[in-house]
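Given chain A's structure and the hints, the job is docking chain B onto it.
Residue numbers (the numbering used here), protein chains in the order written: chain A, 227 to 408; chain B, 19 to 176.
Derived by calculation from the structure, the hints in this document are not laboratory data. The beta carbon of each residue, even a glycine, is placed where N, CA and C say it ideally should be. A couple of the hints might just be wrong.
[Stated by the list, open to error] With a Cα cut of at most 20 Å, we get these calculated PhoX-like pairs of lysine-lysine:
#	chain 1	residue 1	chain 2	residue 2
1	A	Lys-323	A	Lys-356
2	A	Lys-390	A	Lys-295
3	A	Lys-282	A	Lys-365
4	A	Lys-314	B	Lys-95
5	A	Lys-317	B	Lys-95
6	A	Lys-356	A	Lys-319
[What the hints assert, rightly or not] Going by beta-carbon spacing under 8 Å, a handful of chain B positions derived as facing chain A:
#	residue
7	Phe-60
8	Pro-63
9	Thr-93
10	Arg-111
[What the hints assert, rightly or not] Ranges between beta-carbon positions, derived for each pair:
#	chain 1	residue 1	chain 2	residue 2	range
11	A	Ile-328	B	Leu-75	46 to 52 Å
12	A	Asp-339	B	Gly-48	55 to 61 Å
13	A	Ile-268	B	Gln-39	45 to 51 Å
14	A	Glu-377	B	Phe-175	41 to 47 Å
15	A	Ile-325	B	Leu-75	46 to 52 Å
16	A	Arg-297	B	Ser-142	22 to 28 Å
17	A	Asp-329	B	Ser-109	31 to 37 Å
18	A	Ser-261	B	Ser-142	32 to 38 Å
19	B	Ala-136	A	Lys-282	36 to 42 Å
20	B	Ile-110	A	Leu-300	28 to 34 Å
21	B	Leu-42	A	Asp-266	33 to 39 Å
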Amino acid sequence: MNKLLILLVLGFVFAHAGAQNRYFTKDAKIIFNSSTPLEDIIAESNQATTLIDIDKNEVAFSVLTTSFKFRRALMEEHFNENYMESSKFPKAKFTGKIISPIDWKSEKPILVDVKGILTMHGVSNEIVLKAQITPGKSKILASAEFMVTPEAFHISIPSAVRDKIAKEVTIKINAVYAPYQQ
Amino acid sequence: MQFTHLINNNTLNMSQRKTVQWLLWIFLIGLITAFSAIYYAFNMPRRNLAKENSAYLLSAKQLISDFRNDETIATRKYLDQAITVSGEIESIRNLDNHSMVFSLEDAMEGVSCTVDSADVVTYSSKLVHFKVGSQGTFKGRCSGMLMDIQVINCVPFQ
Chain A
227 MNKLLILLVL GFVFAHAGAQ NRYFTKDAKI IFNSSTPLED IIAESNQATT
277 LIDIDKNEVA FSVLTTSFKF RRALMEEHFN ENYMESSKFP KAKFTGKIIS
327 PIDWKSEKPI LVDVKGILTM HGVSNEIVLK AQITPGKSKI LASAEFMVTP
377 EAFHISIPSA VRDKIAKEVT IKINAVYAPY QQ
Chain B
19 MQFTHLINNN TLNMSQRKTV QWLLWIFLIG LITAFSAIYY AFNMPRRNLA
69 KENSAYLLSA KQLISDFRND ETIATRKYLD QAITVSGEIE SIRNLDNHSM
119 VFSLEDAMEG VSCTVDSADV VTYSSKLVHF KVGSQGTFKG RCSGMLMDIQ
169 VINCVPFQ
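Chain A on its own, in the form it takes in the complex (with noise of 0.2 Å):
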């Protein structure tokens, strides 16, 4: 009862579906880019959880924002401290389905579009994304990129730093989900 709770806050209803369809990771890699020509910004997190439903082509990702590990400490301090507020709202969270149709059986990979709602810094907004994702019966390998503006999740940049930060931020996702077992 306690797992499944904790599967509802991921934004999943598993009422109705199999063990065996849904498939699970907690080793997902976000990376983030907001690199301009003044300063190389990458942070990275390998501890991303998410959870993909088969049966109802859904897809939910969570990630604790202090996990992010940069090149530079203070870019790490800044980053938790000043712009995502950490301490405030330490998860970002993406819910949405696959609103491409998607052959789970076909094990080769597909692009497909996923629409859903993600949100960071206490800031929800709608995006569509594109996926690339690899079934199999073992394990499903999923990987996107899409890019967000700051602005649109209410995080403000000093304009003394407005140079060094990009305009758009990219974030790039790689998971390799195995079965769920509850």
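Just chain B now, with coordinates in the frame of chain A:
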């Protein structure tokens, strides 16, 4: 250049020259201090959990219980704090970036202690003794809860 010009200028008397020289030194020291401060801030070292005192020393079961009881309060209490946590190792995972994750008390909903790739090398002689079913103690930085409670930048203890 202008300061040098003023010092060498014969129109200044001895006392004025000394004042200008002092001002020049103060300016230079200020400049070096400011530059050093900016350089340090820009290249400030990462937190070294091995050298930090733990704010909390507790069992994995206690940490799990605190987060399950009230995630908001527990997050406020433990987030970004150095904690030392002990429990039974339920699973060990090797990540693509060569870091290792040790799950305490429950593989899915327990406490996940991540040892960074550099520390996997540094503490390899200790980590070989950490096996599924054995007791493990880690000091790290609590980054909050998803399904599991995540403790990152961990240093292992026997």
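Hints, verified against the model:
Only pairs whose Cα atoms come within 20 Å are accepted, and Lys-323(A) paired with Lys-356(A) is accepted, the gap being roughly 12 Å. Pair hint Lys-390(A) plus Lys-295(A) holds up; C-alpha atoms about 18 Å apart against a cutoff of 20 Å. For the hint pairing Lys-282(A) with Lys-365(A), the CA-to-CA distance comes to about 17 Å; that is within 20 Å, so the pair holds. Distance check on the hinted pair: Lys-314(A) and Lys-95(B) sit about 12 Å apart at the alpha-carbon level, within 20 Å; holds.
Taking the CA atoms of Lys-317(A) and Lys-95(B), the gap is near 16 Å; set against the 20 Å cutoff, the hint holds. Taking the CA atoms of Lys-356(A) and Lys-319(A), the gap is about 17 Å. The hint holds against a cut of 20 Å. About 6 Å separates the beta-carbon of Phe-60(B) from the nearest beta-carbon of chain A, less than 8 Å, and the hint is met. With its C-beta approaching chain A no nearer than about 6 Å, Pro-63(B) sits inside the 8 Å limit, and its interface hint holds.
The interface hint given for Thr-93(B) is met, as the beta carbon of that residue sits about 6 Å from the closest beta carbon of chain A, less than 8 Å. Taken as an interface hint, Arg-111(B) checks out: its beta carbon lies about 7 Å from the nearest beta carbon of chain A, inside 8 Å. Checked against the hint of 46 to 52 Å, the pair Ile-328(A) and Leu-75(B) passes, with Cβ atoms roughly 49 Å apart. As the Cβ distance of Asp-339(A) to Gly-48(B) is approximately 57 Å, the hint placing it in 55 to 61 Å holds.
The given range of 45 to 51 Å is respected by Ile-268(A) and Gln-39(B), whose C-beta atoms sit roughly 47 Å from each other. The hint said 41 to 47 Å for the Cβ distance between Glu-377(A) and Phe-175(B), and at roughly 45 Å that hint holds. One distance hint, 46 to 52 Å for the beta-carbon pair Ile-325(A) and Leu-75(B), holds here, with the actual separation near 49 Å. About 25 Å separates the C-beta atoms of Arg-297(A) and Ser-142(B), a value consistent with the hinted range of 22 to 28 Å.
Taking the beta carbon of each, Asp-329(A) and Ser-109(B) are about 32 Å apart, inside 31 to 37 Å as hinted. The supplied range of 32 to 38 Å is met by Ser-261(A) and Ser-142(B), whose beta-carbon atoms lie about 34 Å from each other. Judged by the Cβ atoms, the range 36 to 42 Å given for Ala-136(B) and Lys-282(A) holds: they are separated by roughly 41 Å. Between Ile-110(B) and Leu-300(A) the beta carbon distance is about 33 Å. The supplied range of 28 to 34 Å therefore holds.
The given range of 33 to 39 Å is respected by Leu-42(B) and Asp-266(A), whose C-beta atoms sit roughly 37 Å from each other.
Hint violations for this structure: none, all hints satisfied.
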